[in-house]
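Novice: In order, the protein sequences belong to chains A and B.
Residue 223 in the numbering used here sits at position 209 of the first sequence; the count goes up by one each step and never skips.
Residue 503 in the numbering used here sits at position 253 of the second sequence; the count goes up by one each step and never skips.
The hints are simulated quantities; they were obtained by calculation from the structure and are not laboratory data.
A hint or two may mislead.
In silico EDC-like pairs for lysine to aspartate or glutamate, Cα to Cα no more than 20 Å straight-line [unchecked claim]: (1) B:Lys380 x B:Asp350; (2) B:Lys370 x B:Asp350; (3) B:Lys454 x A:Asp273; (4) B:Lys380 x B:Asp363; (5) A:Lys277 x B:Asp350; (6) B:Lys349 x B:Glu385; (7) B:Lys370 x B:Glu385; (8) B:Lys426 x A:Asp245; (9) B:Lys370 x B:Asp354.
Computed from a prediction, not measured in an experiment: that's the story for all the values here.
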Amino acid sequence: MNLRSIPLSAWIGIAGIAIAILCAIFAPVIAPYGERDVVGEIWLPAGGDFLLGTDNLGRDLLSRLIYGARTTIFVALAATVLSFSLGMILSFAAAVMGGFVDQLFSRFNDLMMAIPTLIFALVVLAVLPQHLWILILVMAVLDSTRVFRIGRAVALDVAVMEFVEAARLRGEGSLWIIFREILPNTLSPLLAEFGLRFAFSILFLSTLSFLGLGIQPPAADWGGMVKDNKDGIIFGISAALVPGAAIATLAICVNLVVDWLMKRTSSLKGGRGDA
Amino acid sequence: MTGPVLTDGTAGEPPRSADLSGVPAKPNPTGEIGGTFWRRFVFRRPLAALVLQRLGLSVGLLFAVSLMIFGGIEALPGDFATTYLGQSATPQAVENIRKDLGLDRPWSERYLDWLGGAVKGDFGTSWASKNSVSEQIGNRLGNSLFLAFFAALISVPLAVGLGMLAVQFRNRLPDKIINVISLAAISLPEFFIGYLLIMFFAVKWGVATFPATVYDSMSFTERLSAIALPVATLVLVVLAHMMRMTRAAILNVMSSAYVETAELKGLSTFRIIARHAAPNAVAPVINVIALNLAYLVVGVVVVEVVFVYPGMGQYMVDAVTVRDMPVVQACGLIFAAFYIFLNMAADILAILANPRLRHPR
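Let the sequences and hints guide you as you build the complete structure.
Specialist: Okay, here's the thing in structure tokens:
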């Protein structure tokens with residue numbers, strides 16, 4: 015693979031993600047004002063001292079957007095990594111062990127998937143106390159059901175190949191087979207899936223925050239910023255649209271990269287690359 | 251559970267032996283329906299048996315979901331009463347509220363009570379407002395379905411049409427445009443689309459109303475104009491998904507060997523599509539539609555909050571913020587029920603439309 019073969023759309027996606035991550039890492043350096051500082055009148059229009067205007071409490075919108083990148087990306091990424099590890103380990107275990115374990119995991123997974131994710135999250139978050147790690151955990155567990163399904167299908171494909179059989183006959187344990195035989199051979203489609211789950215996590219977290227059940231104020235996060243500023247819409251103030259656009263842009267960028275990864279995997283396999 | 255348990259000698263047989271007569275390998279979810287009666291039924295009416303089986307599976311699933319919504323929550327750490335009152339509550343106050351809400355009884359007892367009530371359509375009383383939950387839901391469910399119905403009415407033909415258009419002009423400009431737009435639409439959060447529409451149509455140009463409040467005394471046309479923007483949002487949200495899936499489903503059929511053969515025979519495009527492709531594409535497309543309708547039911551939640559529309563979704567979100575558990579559980583169960591039965595409908599319609607699925611293996 016060389017850099018030339020990466021299409022323009024994927025470059026745009028990579029650039030977008032890079033900018034967001036840079037904002038997240040260097041937020042205190044880049045942001046002109048503090049995350050929670052009230053610096054002016056409420057809902058000032060864009061321009062002048064405040065590049066994007068101010069929010070419902072008179073905080074600088076651009077600064078909050080930059081700090082918000084931090085929270086949003088961190089939580090979404092943490093949830094995705096966790097859900098992926100969980101889903102992968104369980105699905106590979108199901109595929110390798112087969113029989114009863116497979117049945118147990120798969121049926122339980124079917125049950126979890128029978129409840130729509132958002133509804134499930136609403137029910138669970140109604141009971142649990144509001145902590146950041148609980149939010150991450152809930153998002154991860156709910157999302158891992160999707161990973162489990164994909165992971166199991168992919169692993170089952172690989173688990174019946176000769177080299178896995180050879181490893182089994184050599185007397186390798188399940189853990190070896192999972193990590194040394196199956197994982198390296200399923201990495202490519204799983205990478206695309208990881209991107210897809212990450213994009214979904216961003217949207218899901220934003221939705222939860224928008225509904226007031228995600229990240230709690232005063233910490234800045236994009237979904238919560240939409241919620242804070244939504245009352246301004248009726249007066250024609252577009253402050254709520256800015257963080258919304260940020261969420262959409264980041265999700266589009268991730269999807270562009272995923273699109274390219276998927277095309278790449280299907281062409282590696284000799285597939286037609288469509289459908 | 252009371253399945254038709256007929257025992258005439260072969261009662262102890264494992265359900266798997268029914269495989270011979272063409273039943274799928276999965277044991278029947280309702281369990282007890284084994285024995286020769288069921289086997290004979292399967293043999294004579296394979297289709298009806300399959301449909302019945304799916305129905306049974308869905309009811310079983312719904313039962314399991316109810317257990318999960320109630321029991322699973324019970325198992326989670328954190329006490330209703332403590333979270334309800336906040337951290338600073340005195341032990342005495344916590345004890346009182348527990349008694350008040352009946353939380354001092356064992357959970358299995360409460361679950362059976364709740365389930366018994368839920369089957370009869372009684373979901374208890376709300377903790378926050380002390381009103382009957384069923385009454386509240388009755389009004390709001392209608393509103394939500396009203397919204398979802400019109401969104402489906404617009405989005406389904408549009409999505410199928412555009413999906414077909416994308417296949418027709420495959421890899422050419424219209425397809426690429428549709429592809430890029432749908433990729434973008436998938437990435438947009440529902441609330442962003444909603445506020446964007448409000449900003450332009452309601453605030454800037456003043457052609458639509460916001461908030462989308464409906465009340466009983468409204469006439470039908472007034473209601474329609476009130477829900478114009480929420481419906482548009484929902485349509486945009488599901489349209490992209492549905493279109494992409496329709497495109498993939500039709501493309502799958504169009505790239506199969508028999509369509510190629512038909513092409514090579516020199517048949518006209520219309521004939522190929524009408525006689526060869528369409529009958530085989532109907533099943534996956536129906537499946538796509540049903541799956542997206544299930545998605546629509548859930549998508550309603552966010553859209554209702556955005557547009558301040560008095561439906562189930564908003565009711566549930568409000569209840570979650572004040573931790574009003576009876577309402578949350580009731581709404582959760584109803585949403586899950588819609589979701590499960592639409593998925594089941596997708597399954598059954600796929601079986602009806604595709605004879606190959608009637609005889610697995």
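Novice: Now tell me if each hint is right for this structure.
Specialist: Do the hints match the structure? See the list:
With a C-alpha separation of about 12 Å, the suggested pairing of lysine 380 of chain B with aspartate 350 of chain B holds against the 20 Å cut-off. A distance of roughly 24 Å separates the Cα atoms of lysine 370 of chain B and aspartate 350 of chain B; the hinted pair therefore is violated under the 20 Å criterion. For the proposed pair lysine 454 of chain B and aspartate 273 of chain A, the alpha carbon gap of about 35 Å is over 20 Å, so the pair is violated. Between lysine 380 of chain B and aspartate 363 of chain B, the direct Cα distance comes to roughly 18 Å. Compliance with the 20 Å bound is thereby established for this hinted pair.
Between lysine 277 of chain A and aspartate 350 of chain B the alpha-carbon distance is near 59 Å, which puts this suggested pair outside the 20 Å criterion. Under the criterion of a C-alpha separation no larger than 20 Å, the hint pairing lysine 349 of chain B with glutamate 385 of chain B is inconsistent with the structure, at around 25 Å. A threshold of 20 Å between alpha carbons decides the hint, and for lysine 370 of chain B with glutamate 385 of chain B the separation of about 13 Å falls inside it, so the pair holds. Using a Cα cut-off of 20 Å, the hinted pair lysine 426 of chain B and aspartate 245 of chain A is violated, with the two alpha carbons roughly 37 Å apart.
A threshold of 20 Å between alpha carbons decides the hint, and for lysine 370 of chain B with aspartate 354 of chain B the separation of about 24 Å lies outside it, so the pair is violated.
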